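Engineer: The residues making up each chain are set out below.
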Amino acid sequence: MSDRIFGGIGLILAVIFTWQASIIQESFLTDAVGPKTFPYLIAIVMGLASLYFLLKPDPEPDWPRAGRLAEIGFAALVMFAYAQALPELGFLIATAIVAGYLTWRLGSRPVESLVIGVGTSVGIYVIFRLLLGLSLARGPFGF
Amino acid sequence: MELMSNLADGFAVALTWQNLALALMGCFLGTIMGALPGLGPSNGVAILIPLAFTMGLGATPSLILLTSVYYGAMYGGRISSILLNIPGDEPAMMTCLDGYPMAQQGRAGEALALSGIASFVGAFFATCGLVLLAPQLVKVALLFGPAEYFALFALAFATLGGISSTNQAKSAFAAALGLGLAMIGVDTQTGVPRFTFGEVHLYDGIDFLVAIVGLFALSEVFIFLEHRGTDQDISTKPKMEIGRIVPSWALIRYCIPTMGRTTVLGFIAGVLPGAGASLGSFISYSMEKRLVDKDGTFGKGDPRGVAAPEAGNNAAAGGALVPMLALGVPGSGTTAVLLAVLLSLNITPGPLLFTQNPDVVWGLIAALFIGNFMLLAMNIPMVGLFTRVLLVPPRILMPIVAMISFVGIYGISGSSFDLMVMVGFGILGWVLRKLDVPLVPVILGTLLGNEMEVNFRRAVNIADGDYSVLISSPLTILLWTIAAIGFVLPILVGGLVRRRMRMARDAEGGVRD
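These protein sequences, in sequence, are chains A and B. Numbering-wise (this note's numbering), the first sequence opens with residue 1 and increments by one. Numbering-wise (this note's numbering), the second sequence opens with residue 1001 and increments by one.
Rather than coming from a laboratory, the hints here were simulated on the basis of the structure. Bear in mind that the values here come from a model prediction, so they are computed numbers and not experimental data. Just so it is clear, CB atoms sit at the ideal spot from N, CA and C, and this is done for glycine as well. Just so you know, not all the hints are guaranteed correct.
[Unchecked claim] Mimicking DMTMM-like on lysine to aspartate or glutamate, the simulated pairs with C-alpha atoms at most 20 Å apart in a straight line are: (1) B:K1434 <-> B:E1090; (2) B:K1434 <-> A:E71; (3) A:K36 <-> B:E1451; (4) B:K1434 <-> A:D62; (5) B:K1434 <-> A:D58; (6) B:K1434 <-> A:E60; (7) A:K36 <-> B:D1204; (8) A:K56 <-> B:D1436; (9) A:K36 <-> A:E26; (10) A:K36 <-> B:D1464; (11) B:K1434 <-> B:E1226; (12) B:K1139 <-> B:E1002; (13) B:K1139 <-> B:D1359; (14) A:K36 <-> B:D1466.
[Said to hold, decoys possible] So, partial list: chain B residues that the calculated Cβ filter (under 7 Å) puts toward chain A: (15) M1055; (16) A1176; (17) F1195; (18) R1228; (19) M1403; (20) V1423.
Okay, chain A solo, but in the shape it has when bound:
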């Protein structure tokens, strides 16, 4: 079933891709092939492959239970939030929070997670900012 859904999504993707390719604004100075042909070829390959999944799906993969799925989704949300918060909070604070969260979800005890989170953040800061001189995000406190 998963493969059929995947095939369906792939097919929709191929159609959207074709549609988007068809509305590419061609400039008057175009070559013999133009900017649309190659995308059309890609869409054909994608569409054919998706059709194959629809008709001949593989055995069902081992999906995690709903709780685990939520776990992964939530971790992704935290990472999205991290991307947004990085310039606001600065590298050290944001990274300590996210690293602490991830290690907690991967099985560390709460207090331990706090230590690991701060340790990871400070460790990376020391190695990459102080030793290697990389530019990391600066927050309101300059770090």
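On the provided structure of chain A, position chain B as indicated by the hints.
Structural biologist: Just chain B now, kept in the frame of chain A:
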């Protein structure tokens, strides 16, 4: 004798303090990354590319650092295979078969040292092979026009799934997805934006580094989140005694014929498109088993069964560099990532690389030779140190991997948008892995998409819009034929090869991710 003078020039480039230090650092980091389950050569190199980039290293130094990581990871993969019966990376899978039984007999140290020597033999002679073969391939590649290149790229995609590919439709889908992603951004030839949905951030296209780090490194973090606390969780394995770490000379001599044969075989497997290191170690092991296993000791801790796959996979790793450097078309996942290194440094690999940037090529090759000796020196006496790294539990390691990925990408662009795209790729990578869709064609597609289209359009434009030019010359017909065979063959015989590989694994109760 042009070869020797080239090589001497290369050593002159590689033998600076900075480059030696980078090679040492790369070998060390690479061995650790290879040893840690969940971090393989592709992930390891992927995480480090943005860092090398933001540290402001030049082309040759970055390449030396990252290929040292690549070679180091190939050495390191065996450590967890032998001690934990979990391959540190995919090519080290076959090393579990005899390495773990040896460790159970209290001969872990011997197995580690012997596999270190086998890795050295494989990698060293494969680097020699690279020196000899790559310039020859360059001569052929100079005959290539745009139509031939287009066919060559198609060949690379068709064969990338490899002989053991489970589902060619999924490989094709992955390639199309990658190529489609590469199309995003302003068209290089006419200057019109494509697939940008009016989003300014997308006008430059999607940075392939963002895609690579997301797909390889972040998706691994999600995999670990998924498997925490289940029997696929590796932190629950018992610890293993190492024992003596110096193998006797008699043992080494006993394995020399095996190493010799498997080095040659592994190198060939590496050079051929679509085979790569995993297959190199697999066919090396099966061939040795058929040739010398008269008493049925393979799979029960036969030292030759440790030497064979290790020599094979390291030789294949060297062999895989031949098409990557000479043609600009990688044959395996990690070489695809190395191609990303070259492209992000504005170096176009391929035949012109050898004439335009000889210092890069020969400096790299010299660094590989030096790195090999470093790795041998590191891996025999210091193997105890690396085994201790295995004690770092994933719950500490994976957050570090995730955070370093963010640091690298943020360092390049300083943009939150790129970070979010990277997380998106992480999720995509996790879903694709669940659905058994290979990730390497996606990467290769994003890397080569524009180049492939440029060659396609150039060929047709030169012929005034005549599409038959794509299959007109004998060389293009040959390439398309190989591509077609390479795509169809796994459908016909793939099931057989897969069954054999699975049987070999199940016989040992091996675990696979």
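Engineer: The structure should be examined with respect to each hint, and the outcome stated for every one.
Structural biologist: Quick rundown of the hints versus the structure:
At roughly 17 Å between alpha-carbon atoms, K1434 (chain B) and E1090 (chain B) fall within 20 Å of each other, so this suggested pair holds. Of the supplied pair hints, the one linking K1434 (chain B) and E71 (chain A) holds, its CA atoms being roughly 16 Å apart against a limit of 20 Å. At roughly 15 Å between alpha-carbon atoms, K36 (chain A) and E1451 (chain B) fall within 20 Å of each other, so this suggested pair holds. Proximity of K1434 (chain B) to D62 (chain A) is assessed by CA-CA distance (about 7 Å); at most 20 Å being required, the pair is judged to hold.
A threshold of 20 Å between alpha carbons decides the hint, and for K1434 (chain B) with D58 (chain A) the separation of about 12 Å falls inside it, so the pair holds. About 10 Å separates the Cα atoms of K1434 (chain B) and E60 (chain A), which keeps this hinted pair within 20 Å; it holds. Our distance criterion of 20 Å between C-alpha atoms is met by K36 (chain A) and D1204 (chain B), whose separation comes to about 18 Å. The straight-line distance between the Cα atoms of K56 (chain A) and D1436 (chain B) is roughly 14 Å, inside the 20 Å bound, and the hint therefore holds.
For a cut-off of 20 Å, the pair hint linking K36 (chain A) to E26 (chain A) stands: about 9 Å separates their Cα positions. With a C-alpha separation of about 17 Å, the suggested pair K36 (chain A) and D1464 (chain B) falls inside the 20 Å cut-off, and the hint holds. Of the pairs offered as hints, the one joining K1434 (chain B) and E1226 (chain B) holds, with about 11 Å between alpha carbons and a cut-off of 20 Å not exceeded. Taking the CA atoms of K1139 (chain B) and E1002 (chain B), the gap is about 15 Å. The hint holds against a cut of 20 Å.
A C-alpha spacing of about 18 Å is found between K1139 (chain B) and D1359 (chain B), which places the hinted pair at or below 20 Å, so the restraint holds. Between K36 (chain A) and D1466 (chain B) the CA atoms are separated by roughly 16 Å; this keeps the pair inside 20 Å, and the hint holds. For M1055 (chain B), the interface hint holds, the least distance from its beta-carbon to any beta-carbon of chain A being 6 Å, beneath 7 Å. Contact between A1176 (chain B) and chain A, as hinted, is supported at the beta carbon level, the nearest pair being about 4 Å apart and thus within 7 Å.
A hinted interface residue such as F1195 (chain B) counts as satisfied when its beta carbon comes closer than 7 Å to some beta carbon of chain A; here the least separation is about 5 Å, so the hint holds. The interface hint given for R1228 (chain B) is met, as the beta carbon of that residue sits about 5 Å from the closest beta carbon of chain A, less than 7 Å. Interface restraint check for M1403 (chain B): the shortest CB-CB distance to chain A comes to about 5 Å, inside 7 Å, so the restraint holds. Residue-level restraint check for V1423 (chain B) holds (minimum Cβ-Cβ distance to chain A is 4 Å; threshold 7 Å).
When held up to the earlier numbered hints, the structure conflicts with none and fits them all.
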